[in-house]
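Q: Starting from the given sequences, assemble the full structure and let the hints guide the process.
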Amino acid sequence: TVFNAGVEVGLGAATLRDIRKLLEDTYCESIGAEFSYIRNPKKVKWFQDRMERERNTPNFSIETKKRILKKLNEAVVFENFLGTKFLGQKRFSLEGAESVIPALDFIIQKGADLGVEEFVIGMAHRGRLNVLANIMHKTYRDIFSEFEGKGYDETKPFGGDVKYHLGFSTDVTTETGKKVHLSLCPNPSHLEAVDPVVEGIVRSKIDFKYAGDNTKIAPILIHGDASIAGQGIVYEVLQMAKLDGYKTGGTIHLIINNQVGFTTNYRDARSAIYSTDIAKLTLSPVFHVNGDDVEALVYAINMAVEYRQHYHNDVFIDVLCYRRYGHNESDEPKFTQPLLYKIIEKHPNPREIYNKKLMAHGSVDANLATEMEKEFRGLLQERLNESKESNVYEPNPMYSGAWTGIKMANADEIFAPSQTAVSEETLLDIATKITTLPADKKFFKKIEKLFEDRKRMVATKTFDWAMGELLAYGTLLNEGLRVRLSGQDVERGTFSHRHAVLKFEDSEEEYTPLLQIKKGEPAKFDIFNSHLSEYGV
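Using this note's numbering, the first residue of the sequence shown is number 38, and each one after it goes up by one.
No wet-lab data here; the hints were simulated from the structure. All C-beta atoms in this analysis are idealised placements derived from N, C-alpha and C, irrespective of residue type, glycine included. Fair warning: there could be bad hints in the mix.
As the list claims (entries may be wrong) - Straight-line distance between alpha carbons at most 20 angstroms, and here's what the computed EDC-like set of lysine to aspartate or glutamate pairs gives:
{"id": "1", "residue 1": "K242", "residue 2": "D208"}
{"id": "2", "residue 1": "K470", "residue 2": "E516"}
{"id": "3", "residue 1": "K102", "residue 2": "E212"}
{"id": "4", "residue 1": "K555", "residue 2": "E461"}
{"id": "5", "residue 1": "K103", "residue 2": "E389"}
{"id": "6", "residue 1": "K147", "residue 2": "E343"}
{"id": "7", "residue 1": "K279", "residue 2": "D563"}
{"id": "8", "residue 1": "K379", "residue 2": "E389"}
{"id": "9", "residue 1": "K102", "residue 2": "E91"}
{"id": "10", "residue 1": "K482", "residue 2": "E546"}
{"id": "11", "residue 1": "K253", "residue 2": "E343"}
{"id": "12", "residue 1": "K279", "residue 2": "D314"}
{"id": "13", "residue 1": "K478", "residue 2": "D490"}
{"id": "14", "residue 1": "K556", "residue 2": "D543"}
{"id": "15", "residue 1": "K482", "residue 2": "D543"}
{"id": "16", "residue 1": "K215", "residue 2": "E100"}
{"id": "17", "residue 1": "K103", "residue 2": "D543"}
{"id": "18", "residue 1": "K470", "residue 2": "D501"}
{"id": "19", "residue 1": "K411", "residue 2": "E389"}
{"id": "20", "residue 1": "K482", "residue 2": "E545"}
{"id": "21", "residue 1": "K492", "residue 2": "E450"}
{"id": "22", "residue 1": "K478", "residue 2": "E389"}
{"id": "23", "residue 1": "K540", "residue 2": "D490"}
{"id": "24", "residue 1": "K58", "residue 2": "D86"}
{"id": "25", "residue 1": "K555", "residue 2": "E100"}
Claimed, not checked - Restraint-style ranges between C-beta atoms, simulated for each label pair:
{"id": "26", "residue 1": "K561", "residue 2": "A458", "range": "20 to 26 angstroms"}
{"id": "27", "residue 1": "H384", "residue 2": "E185", "range": "28 to 34 angstroms"}
{"id": "28", "residue 1": "S241", "residue 2": "A397", "range": "46 to 52 angstroms"}
{"id": "29", "residue 1": "V199", "residue 2": "D55", "range": "52 to 58 angstroms"}
{"id": "30", "residue 1": "H347", "residue 2": "L53", "range": "32 to 38 angstroms"}
{"id": "31", "residue 1": "T210", "residue 2": "E419", "range": "20 to 26 angstroms"}
{"id": "32", "residue 1": "V234", "residue 2": "F123", "range": "27 to 33 angstroms"}
{"id": "33", "residue 1": "R54", "residue 2": "E545", "range": "56 to 62 angstroms"}
A: Quick look at the structure:
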């Protein structure tokens, strides 16, 4: 017996056995997917067609497979090298989740092919050194110098911060010749604190650098399974994802799901089934991927980046993996997960698993992985020798690129008198413009009275604090500077004092007096009421 339901999955009329086999191949192997709750039928169909057509089975070229193996090799050998050369030092290794490195690499490769010119990345300490070295291309020599304690000057601002908190910026060229700028934001030990910072940087660049085009730049947030489920800042930031004043065209969320939060088992870390269930808040799709199947992960990554670029929506990739050692390298995980760590001790790393798979399929020469490891380990040893030979290490400057020339002010500079005055004529001209309401529009009587009172302030040159604030913004706008005001109830003001945005009495149409200062020129004043955020905005 054949069923027409087979048409829905691209089989035509098919037996129930064939339909079931296709669905199991697609959704029950190394990739699981959640998207049926999305309320846009086109998006749901996009996923069904994309996944069921290929049964979520990668079919990469030999060159792509070699690149995946190369990035896996770098991730594995780098961690192993640090562990043997800097015994006992904290590094918060990526071991057990090394497939995250090829995943990030292919986000950049695929994104660049789809028009992304810049990625801004936020992550906690787990795997940061590996990302700095093998994605951001911070030199191995510099990282080794930091392990040796060089380059820290506690007399300088931010001197002495731990190496797994540091940020970095760089330019890379992809396999297809596309140039991409990468920024990894610094982050403290507060795991998800960087999330709103990343979104703010991206939104600022969308507005200033890319003229509103959110396909040119994309945020990447790398979470732990315990932190994405447990920390409130994640919820606050996700609630901004579709708000006009904060949206960034979709964030790519990568979850290093090692199934334990420091010492806490996942069953004690959340009430939800998945750590990523918060994705449903924004109707964002989720891929659950076996971290030991690196090709499946890269396949899901490519799909996720396509979705982000096409639909400008958040997307989550949940990498099911493990943490080979304790929370840090001096921690003993067997105290709290004895059975789990007996299994992990015997479990091969993702590179070993992938190399075995490639050789079984005849995709690569049996000696390729060995040669890669030998060559890369030799390179690391050379860079370590160089770091030991030099007593001087100059960390990358904090302010470079667009920030060149800016420095951290010292106390004397902060308290030194600064000339901020404008002429009386300019101030009164601005004051007149921001207190004059259009004669052909009707406002609420209380608003009209308020603005009459403000006009009297201009005439008598006696201003209250609310008027002083608006004049301060007005002088900046008059000088051609851009002003953005964001927060709870900022348009009206919590105490009904600001009234920077007005509504007409008989419509929802808005009138913004500060936009009248440079009338006819492109608007440089942005003001957004935020959601009721405690921390994120």
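Q: Would you mind marking each hint as holding or not holding in the structure?
A: Here's how the hints hold up against the structure:
1. K242 to D208: Status holds; Cα separation ~16 angstroms.
2. K470 to E516: Judged against 20 angstroms, a Cα distance of about 15 angstroms means the pair holds.
3. K102 to E212: holds, 13 angstroms
4. K555 to E461: holds, 18 angstroms
5. K103 to E389: holds, 14 angstroms
6. K147 to E343: holds, 8 angstroms
7. K279 to D563: With Cα atoms ~17 angstroms apart, K279 and D563 stay inside 20 angstroms; holds.
8. K379 to E389: holds, 19 angstroms
9. K102 to E91: holds, 18 angstroms
10. K482 to E546: Holds - the C-alpha atoms of E546 and K482 are around 17 angstroms apart, at most 20 angstroms.
11. K253 to E343: Roughly 13 angstroms separates the two Cα atoms, so the pair holds.
12. K279 to D314: With Cα atoms ~18 angstroms apart, K279 and D314 stay inside 20 angstroms; holds.
13. K478 to D490: Holds. K478 to D490 sits at ~18 angstroms (cutoff 20 angstroms).
14. K556 to D543: violated, 24 angstroms
15. K482 to D543: holds, 12 angstroms
16. K215 to E100: Holds - the C-alpha atoms of E100 and K215 are around 18 angstroms apart, at most 20 angstroms.
17. K103 to D543: violated, 66 angstroms
18. K470 to D501: holds, 17 angstroms
19. K411 to E389: With a Cα-Cα distance of about 15 angstroms, the restraint between K411 and E389 holds, given a limit of 20 angstroms.
20. K482 to E545: holds, 16 angstroms
21. K492 to E450: Status violated; Cα separation ~37 angstroms.
22. K478 to E389: violated, 73 angstroms
23. K540 to D490: holds, 18 angstroms
24. K58 to D86: holds, 16 angstroms
25. K555 to E100: violated, 56 angstroms
26. K561 to A458: 20 to 26 angstroms: holds, 21 angstroms
27. H384 to E185: 28 to 34 angstroms: holds, 32 angstroms
28. S241 to A397: 46 to 52 angstroms: Holds - the Cβ-Cβ distance for S241 and A397, about 49 angstroms, lies within 46 to 52 angstroms.
29. V199 to D55: 52 to 58 angstroms: holds, 56 angstroms
30. H347 to L53: 32 to 38 angstroms: Since the Cβ atoms of H347 and L53 sit about 33 angstroms apart, the hinted range of 32 to 38 angstroms holds.
31. T210 to E419: 20 to 26 angstroms: holds, 23 angstroms
32. V234 to F123: 27 to 33 angstroms: holds, 29 angstroms
33. R54 to E545: 56 to 62 angstroms: Given a distance of about 58 angstroms, which is inside 56 to 62 angstroms, the answer is holds.
The structure does not agree with the numbered hints 14, 17, 21, 22, 25 stated previously, though it agrees with the rest.
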